[in-house]
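J.: Below, each chain spelled out in residue letters.
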Amino acid sequence: MSRIKLPQLTFWRVVLVIILIAGLYSTVIRFTRGLGASTALSDQFPWGLWIGFDVLCGVALAAGGFTLSAVVYIFHVERFRPIVRPAILTAFLGYLLVIVALIYDLGKPYNIWHPLVMWNTRSVMFEVAWCVMLYTLVLALEFSPMVFERWQLQKPLKIIHALTIPLVIVGVILSMLHQSSLGSLFLIVPHKLHALWYSPLLPVFFFISAVALGCAMTIFESFLSFRAFGKRLELDLLADLGKVMVVVLGVYLVLKGQDLLERGAWELAFEPTYAGRMFLAENLLGIIAPIILLLIARIRNNDFGLFVSAVMVVLGFIMNRLNVSITGIEANAGIFYFPSWMEIAVTTMIVALGFVLFGLAVRYLPVFPMKEQLPAERVVPLPAAALLHPAKRRTAALVLALTVILGGSAIALAYSGLQHRSRLMTTTDTPSTQPEAQVVEHSLQLPADKEFPQHEDSPGPVTFSHTTHVDPTQPSCTVCHARTFRIIETHQAPLSVNMHDRQACGLCHDGERAFSINDGCTTCHRLP
Amino acid sequence: MGISSQKALLFDSTRCIGCGACYVACKQVNRLPPAQENFLDEKLSAASVTVVNQRNGRFVRRLCMHCQNPTCVSVCPVAALEKTVEGPVIYHADRCMGCRYCMQACPFNVPTYEWNQTQPRIKKCTMCYERVKQGKSTACAEVCPTGATLFGNRDELIEEARARIRAHPAQYINHIYGLQEVGGTSVLVLSDVPIETLGYPTHVGTEPLPMLTWEVLRKIPNFVVVGSVLLGGIWWITKRRVEVQRAEQQEEV
Ligand code: SF4
Ligand code: SF4
Chain A
536 MSRIKLPQLT FWRVVLVIIL IAGLYSTVIR FTRGLGASTA LSDQFPWGLW IGFDVLCGVA
596 LAAGGFTLSA VVYIFHVERF RPIVRPAILT AFLGYLLVIV ALIYDLGKPY NIWHPLVMWN
656 TRSVMFEVAW CVMLYTLVLA LEFSPMVFER WQLQKPLKII HALTIPLVIV GVILSMLHQS
716 SLGSLFLIVP HKLHALWYSP LLPVFFFISA VALGCAMTIF ESFLSFRAFG KRLELDLLAD
776 LGKVMVVVLG VYLVLKGQDL LERGAWELAF EPTYAGRMFL AENLLGIIAP IILLLIARIR
836 NNDFGLFVSA VMVVLGFIMN RLNVSITGIE ANAGIFYFPS WMEIAVTTMI VALGFVLFGL
896 AVRYLPVFPM KEQLPAERVV PLPAAALLHP AKRRTAALVL ALTVILGGSA IALAYSGLQH
956 RSRLMTTTDT PSTQPEAQVV EHSLQLPADK EFPQHEDSPG PVTFSHTTHV DPTQPSCTVC
1016 HARTFRIIET HQAPLSVNMH DRQACGLCHD GERAFSINDG CTTCHRLP
Chain B
2 MGISSQKALL FDSTRCIGCG ACYVACKQVN RLPPAQENFL DEKLSAASVT VVNQRNGRFV
62 RRLCMHCQNP TCVSVCPVAA LEKTVEGPVI YHADRCMGCR YCMQACPFNV PTYEWNQTQP
122 RIKKCTMCYE RVKQGKSTAC AEVCPTGATL FGNRDELIEE ARARIRAHPA QYINHIYGLQ
182 EVGGTSVLVL SDVPIETLGY PTHVGTEPLP MLTWEVLRKI PNFVVVGSVL LGGIWWITKR
242 RVEVQRAEQQ EEV
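Going down the list, the protein sequences come from chains A and B.
Just so you know, the working numbering puts 955 at position 420 of the first sequence, and the rest follows in order with no gaps.
Just so you know, the working numbering puts 228 at position 227 of the second sequence, and the rest follows in order with no gaps.
Hints may be right or wrong, so weigh each one.
Claimed, not checked - Subject to a maximum C-alpha distance of 20 angstroms in a straight line, what follows is the list of computed DMTMM-like cross-link-like pairs (lysine to aspartate or glutamate):
| id | chain 1 | residue 1 | chain 2 | residue 2 |
| --- | --- | --- | --- | --- |
| 1 | A | 643 | B | 95 |
| 2 | B | 44 | B | 253 |
| 3 | A | 643 | B | 160 |
Unchecked claim - Simulated coverage check for chain B against chain A, where a stretch passes if three residues somewhere in it have a Cβ under 8 angstroms from a Cβ of chain A:
| id | segment |
| --- | --- |
| 4 | 75-88 |
| 5 | 94-103 |
| 6 | 223-233 |
| 7 | 240-253 |
To be clear, the hints were calculated from the coordinates, so they are not data collected in a lab.
Even for Gly, the Cβ is constructed at its ideal location relative to N, Cα and C.
Isolated chain B, as found in the complex (with noise of 0.2 angstroms):
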């Protein structure tokens, strides 16, 4: 499967009526325990991977971004995050040691923890990979009644969001959020305010992060062989001052 096939989701706050079916529609699929009534209000958490929250007169959708270049995946030790062909980011729990590196790296504060769990799992939402594997959408998308989210293909949702921003010019701002921040993300979202006002963090920058950590880490087997070449060397140049010295000392005696 080429990149220009890879699924994503496109969320449009412009059309979401905060109805909160794909928070359902979540929680049936993935076996996440009940809806909250008060469903608005509530976080991310191991309880739902997806909630709709109401930010300033708007409601805006809050899940896993599955980044193109995912710092989740490169922090992980144990390669328990994984970025697929296909598009999502999942994740395999029998690897996981529990490190919780990846909730502290994720740009989006999106993996969350089974806290009360004595074999916890990180929680989030996988683009509903088993699905999205037999060729369906995911379950948010497919419960959505205003089409405020959309599954589909990446290069196609882009050419979708473009064309939605063309067609109303004065409704929406002139930003696909998603389509380079963080190098690029999975989910791509249309907003007719400025995004940071929909609580989307927004000084995420467009490099992908990994890049960060990975200018150091490539370093390293250039470091080990010089450092122990130099520190065998300067061992070597010692050892023999010190003999010389003690020779000198004994002829003197």
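Excised from the complex, chain A in its bound form (with noise of 0.2 angstroms):
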């Protein structure tokens, strides 16, 4: 049973090889011939996927270790003690995935440690980097005594021992304070950012989103682990879980309504627009559907019923984090945004080892308990087999029945959301926001004439005027400006042998558009 033999096994390495030929790959680019070759980030459009997916999701993984942290050693809620070291790993791999997609994503990756000497508390992102650097650092902490206990460390075992409720505390609040930072972190951008998301309570609503994903990324992996190394999942715990991630849940849905109806954005939600359907899609996904799910008991207590909520909740939460960085931002931008394939390999790679490390530590080192530990009655089939099994299939079919319904809509307002934002790529290259300028009567006032300094073999002084060569209603210019005549360099003088060969006043003084230079030195140079 504890025996890993997963028929898929090599498949899944191919995958993998694939995955990292492109990863490696792009990182070669990226690093020799920097952003603009392996990303379609611009000028106008500087935060792409390694932020909105990387940065702001990984960062987010993190929620499920502090909040069961601080439920099990602060509150003493010591049933959910069994899966606090799991979430901790994954916080731990989540803010080491985060470091990684910073090094690609800053364009000076070996200034990175900069923050923790040039200092300015003004910015958020001054309060990212301190958070980032401090948790992880709290969360190598917390995460040591898996490494510790397997090799019989008891020492060091101690020492942490020791320092668990301290580290626990420092670590809750760095990680309140890092989760509702990365949304403070669009609180700048009130004109860039589309009213559904942008809103004073931007830092609340990251926060309270991240609590919910961490409860479903513990019950989710609960389930992966089981399918891959047989660990033993504990139904009841998990079921619990699910009840408080309805709780947080509807604590966002009913402060994001409220929101909404106070800032008066409530009505773009829906309008046949992308933003406002992939709005819609992103709520139904993420908060409306698991909460209707999680509701009903039946489901709630339902292995496979559970595993489903907890994936509607963390595709949902993808689905904000990717609305606020780049729907949101695109809608008033101006351009079209698509990360490039280099930097979706990178981010597959990202994840990839994100998932190999996991597998890793729960292989190798103490992250689930042992399983004499538990009682017998704990263990359960595997989420697809309970579809087979004949007590549970009603339940499942509801499950399935209420996942193509809500799950559909979601897809289908999504898909209509991408069909209006293809429809604007087409029609227009930049939405025409500029009103139509009014005609306004009035004369262009012309420079004054201008003396040409005199090279020593030119027959005398020459002074251009630019009313003998301008017409006032209709300037143009650009035709001598700043091409011939660059304004600035005009203390030069022009050389006849230049101008012979149609340079300078010679452009256009050929005989043709104008008299020729050939013409007489009279007309325009004063001699003595």
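With the hints as a guide, dock the two chains, each given alone in a separate frame, to form the complex.
T.: Right, dumping it as structure tokens:
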């Protein structure tokens, strides 16, 4: 049972190798030719997938770690102790992967340590940088007992044990700061982020949704690790976690609704636009559908039902972060962003690495509690097997039906949103927001006459008059400026050899467009 | 140097003839790649930190607005951007780590990036800080043939702008763009058509944006202290309860 033997193992290895090759190739391009060659980012769209997905979602992976360690160590709800460790492991991996992603995304990754010594306490990014550094450290310490236990290092174990409570407290505080600060990052762009997502409450929304995601990820992982490693699941615990998740999602939904009402952005959600549709899809999939599913006790206490709800929360969460960082910004940027294949390859590689590391840790470290420590009835079958189990078939059918209805509508909404987007892309390059100018009559003030510096072999000084050369009603200044006559350079005398070569005055004074420079000197030169 | 002697630029779009002299001069003093032929369509980029565009029959300059309370300065985690006492907002490439938060946050979409460099820098107008420090004018104002771009003390330029509007009330719209936008900028713009027709963002408000994040950030120290005490307290209380429960259970046994 506990022996790891998966039929698809070879298949997954092939996939992993492909992901690695694509990722490494992109890595080489990224670090030898810069962000321009490897990403679809531009001056109009400076933050893309690596920030929107890798960083914003990666950090949120840690939410399960701080929520559960707070519940167990600070609130002394001991029943959850068996799933603290996998949650801490996920959090630690999440942060390591965020750091990796930052190394890709930062233009000068070798300056990543600068916030340590160069301070700007007014910057949210400064807070984010410190949170990443400190919380990674805390997580490493919280994770270390698994390593120490594995190799029976009693001394350090004891030290860490004594430090547990202060560490957990620091960790919870840092984590709350960090989750919310990712939302605060966007507080500075009230005119760039779509009103459906921009809110003074962004830090609060980011925090609450991260807690919900933390619960969902813990449920999700427990099932995955069961599938891959035969580790046992604590279904009753996970069902309780499901209950907590409903409450958190409910709070989020109510707050979000109130916020939209208060800011008068409510109607935007139902307008048939790209942003509106994506917003509905995000909330239907990630908030409303799991609330409906989990409120039904039969589904909540069913492994398949729990698993599906958790997946919905995770997907909805990812959609939310991408909507804030990409959809919502795109709506006002007047430009469309789609990540380059290299951005996707790097992201996929980072995620795959996360799975591999999680797998290795679960296999070699005491992450999940030993079998013996748990009563036998907590063993549950694979989620997929639940479908075949006759007693559970009806619940499974209910879950499936609800998933198809709710998930299907979310997909339909997102699809219609994307259609609106592609329609926008084909009709106008930039949204036409500029009103037409009213024509106001006024005369152009021509520059004063200009005396050219005189060259040694010039027959006499030349004064150029804009008045005789320019029609003030149709100035077309650019015929001469700034190519033929660089205004900044007119201190130099134009040479006659050059003029015969169709340069400077000679460009027009060729006998066709204007009289030729060979037609006599006195037309232009004042002879002494 | 006091606030009153802060340097600024006044751009009067009614006088701009789109000659591109400022564009060329800027490239020369900043050693940027050579000028483009069709520069009137060019966007701000690492190669051109100021451009002259044609919008609805007017010529308009685009450049860093050198905000009085700059968003970019407030968001930069490593203080690579700086509002100098002289007025210009400048950039220290050696501090920058390339997070591009300044680009994301600037309400005028000004900072640009050297996308194809392995050691990329943020690029934006620095109001010729080196020249200004030496008491000289900016290159763009120096070469402007029509006086569309003027360099001077901010308060004097505001007076000049007001005087121009007073003298030709029919010609100008009665608004000095940059006087109040995002709390005021060191680039002021005059126009004869509504400002948004020129392509400048007009919905940026008159409050400095850095306040939006500062309101949250300033609460952090308090949050840390109160939060730690609260969590410690909860830990202590619930621990007592668990101990009491355990003792009771043992007594029962
Ligand atoms: S216009 Fe943008 S880049 Fe320039 S000072 Fe203001 S915020 Fe900074
Ligand atoms: S890109 Fe550089 S200058 Fe801009 S905010 Fe980041 S560190 Fe500061």
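J.: Can the segment 94-103 of chain B be counted as covered by chain A under the rule of three residues or more with Cβ-Cβ separation shorter than 8 angstroms?
T.: holds (count 7)
J.: At least three residues with a C-beta closer than 8 angstroms to a C-beta of chain A: is that true for the segment 223-233 of chain B?
T.: holds (count 6)
J.: Has the given pair, residue 44 (chain B) with residue 253 (chain B), been kept, meaning a C-alpha gap of at most 20 angstroms?
T.: Measuring from Cα to Cα gives roughly 81 angstroms; hence the hint is violated.
J.: Verify the proposed pairing of residue 643 (chain A) with residue 95 (chain B), using a straight-line Cα cut of 20 angstroms.
T.: holds, 10 angstroms
J.: How does the coverage statement for the segment 240-253 of chain B fare against chain A, requiring three or more residues with Cβ below 8 angstroms from a Cβ of that chain?
T.: holds (count 3)
J.: Report holds or violated for chain A covering the segment 75-88 of chain B, Cβ cut-off 8 angstroms, minimum 3 residues.
T.: With 7 residues close enough to chain A, the hint holds.
J.: Given the hinted pair residue 643 (chain A) and residue 160 (chain B), is their Cα-Cα distance within 20 angstroms?
T.: Violated, at about 43 angstroms.
The structure does not agree with the numbered hints 2 and 3 stated previously, though it agrees with the rest.
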